[in-house]
Amino acid sequence: MKFILKILKDFPAYLWSGWGAVASILLFIACWDVGNQIYGNLVLPSPLETFKTLSQMLQDDAVWAEINITLYRASIGFALSLVLGTVLGLIAGFFATASMMSRPIVTILVGMPPIAWIVLAMIWFGMGDETVIFTVIVASFPIIFVGALQGTRTLEDDLKEMADSFKLPWHMKFADVYFPHIFSYVFPAWVSGLGMTWKIVVMAELLATNDGIGASLAVARSQLDTPTALALVVIMIGSLMFIEYIILEPIKREVELWRD
Amino acid sequence: MERLEVTKLNHHFGFTEILRDINFTLEKGEVLSIVGPSGGGKTTLLHLCAGLLDVEEGSVENTFTSTSFAFQEGRLLPWKNVIDNIALGLLAKGIDKRSAIEQSQEIALKFGLEEDDFDKFPKDLSGGMRQRVSFARALVVKPSLLFLDEPFSALDIGLKKELQTILIEMIDNKEITILFITHDLMEAIRLSDEILLLEADPGHIVKKFQYELPQKERDDKFIYAQTAKILQDETIIHTFELELK
Chain A
1 MKFILKILKD FPAYLWSGWG AVASILLFIA CWDVGNQIYG NLVLPSPLET FKTLSQMLQD
61 DAVWAEINIT LYRASIGFAL SLVLGTVLGL IAGFFATASM MSRPIVTILV GMPPIAWIVL
121 AMIWFGMGDE TVIFTVIVAS FPIIFVGALQ GTRTLEDDLK EMADSFKLPW HMKFADVYFP
181 HIFSYVFPAW VSGLGMTWKI VVMAELLATN DGIGASLAVA RSQLDTPTAL ALVVIMIGSL
241 MFIEYIILEP IKREVELWRD
Chain B
1 MERLEVTKLN HHFGFTEILR DINFTLEKGE VLSIVGPSGG GKTTLLHLCA GLLDVEEGSV
61 ENTFTSTSFA FQEGRLLPWK NVIDNIALGL LAKGIDKRSA IEQSQEIALK FGLEEDDFDK
121 FPKDLSGGMR QRVSFARALV VKPSLLFLDE PFSALDIGLK KELQTILIEM IDNKEITILF
181 ITHDLMEAIR LSDEILLLEA DPGHIVKKFQ YELPQKERDD KFIYAQTAKI LQDETIIHTF
241 ELELK
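These protein sequences, in sequence, are chains A and B. My numbering applies: residue 1 is where the first sequence begins, and numbers increase by one. My numbering applies: residue 1 is where the second sequence begins, and numbers increase by one.
Bound-form chain A, shown alone (with noise of 0.2 Å):
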């Protein structure tokens, strides 16, 4: 509780920490806006032509309709990856024998490209959730497993020593010399399983499905609608960064304050 209210109080002073990424952002429109200028409306249409479809785009429930089945598949795959991938790689960590023996399943899973996957998930599902969900959870499970992985294997005896020598109850060995380290490598893993899932999740829909923001952006390409694919590209990009800078970024300042 004291955790959230740290994280509140400091919230106001990060926002303010961020007008640098606000600059290059506007930077990056004006670079935009140039290239549209160059190469014309059909090849990139301008900022605000992409704004203004994008605003007329929210307006509209049939596009929220989209965005929230894209919502659901990325979350089931996000939290099955999460929960497995923590689960697995704590298991695996403690264990030499199997921490040596998922290596290299690790580095298949890593290694092979995930349309590979689609390809073979839509063999195995057919076109729907499952084989997004699928691909999903292949491609940022792995992640997700290393880091719990690498967070337990790294554990220092040391400080298990120590914990030994002053007789440490079993829950506060975990809750102060093991979580918090193994923590520390979970965490910045699941953020980066986070931003594969998001990337994963439009890649499926848009080879296997007929519906969601993949879908939709499909459609935009058939029509050689730009505006509307740019429109979808900035959701896209929106959401991702809300939840990295506004969400995770705060939580991950706190919890890493003790590093160096």
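Bear in mind the hints are in silico, worked out from the structure with no lab data behind them. Please note that a few of the clues may not be correct.
[Said to hold, decoys possible] Once the Cα atoms are required to be at most 20 Å apart in a straight line, the calculated DMTMM-like pairs of lysine to aspartate or glutamate come out as: (1) B/Lys123 - A/Glu156; (2) B/Lys80 - A/Asp157; (3) B/Lys80 - A/Asp164; (4) A/Lys167 - B/Asp54; (5) B/Lys120 - A/Asp157.
Fit chain B to the given chain A structure using the hints.
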């Protein structure tokens, strides 16, 4: 009567013999130091006595009611601030949070930390400050037996003396029993009632030295004289390989 009794203790790591036939007794109120060259099994012996390693052969009987350990490199929890680090041992004993924090603050001030430091994380402390915190953490639980693993070796002379003075005060009041390992003979002479000399490969005790004079009355002159004397000792010369080569 509280005591630590080590009899016929042997220890191996794999096929390497680390300790052979270690015997000694530490009575309440005494300070026993074990000196010897680095890599001679001193730390292993201390860990066996403190129960951080399992005894394989021989026995270690510890009847002291409470013990604590101060490590060579502090070993503070990097995610806890100064006071929470010190309070760790108290909380482990089930003392309620508020009084644990109060006791920790009190001892922190006694060990030369300032109120501004209380909320700092270990990364923001100097090496000397970390060692103060580590000492405070070990002593705040008021252990009847304290294990010290070369805790002064990385400290400057001033801080070394300051921490030793606190210990000497406690020894003088018969508040504490200490088992202490070091490679610094002067330090051992300043603090100990008895010094055991541990020769390496495998670690075994080759000689004992005893000092009757109370620690509080040992001045620099006494310590220099005793150090000079002990350095002339054949066994010491041999054990520390001090022969001119």
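For each hint, the structure was consulted:
no., hint, result
1, B/Lys123 - A/Glu156, "holds, 17 Å"
2, B/Lys80 - A/Asp157, "holds, 18 Å"
3, B/Lys80 - A/Asp164, "holds, 17 Å"
4, A/Lys167 - B/Asp54, "holds, 15 Å"
5, B/Lys120 - A/Asp157, "violated, 24 Å"
Of the numbered hints given earlier, the model fails hint 5 alone.
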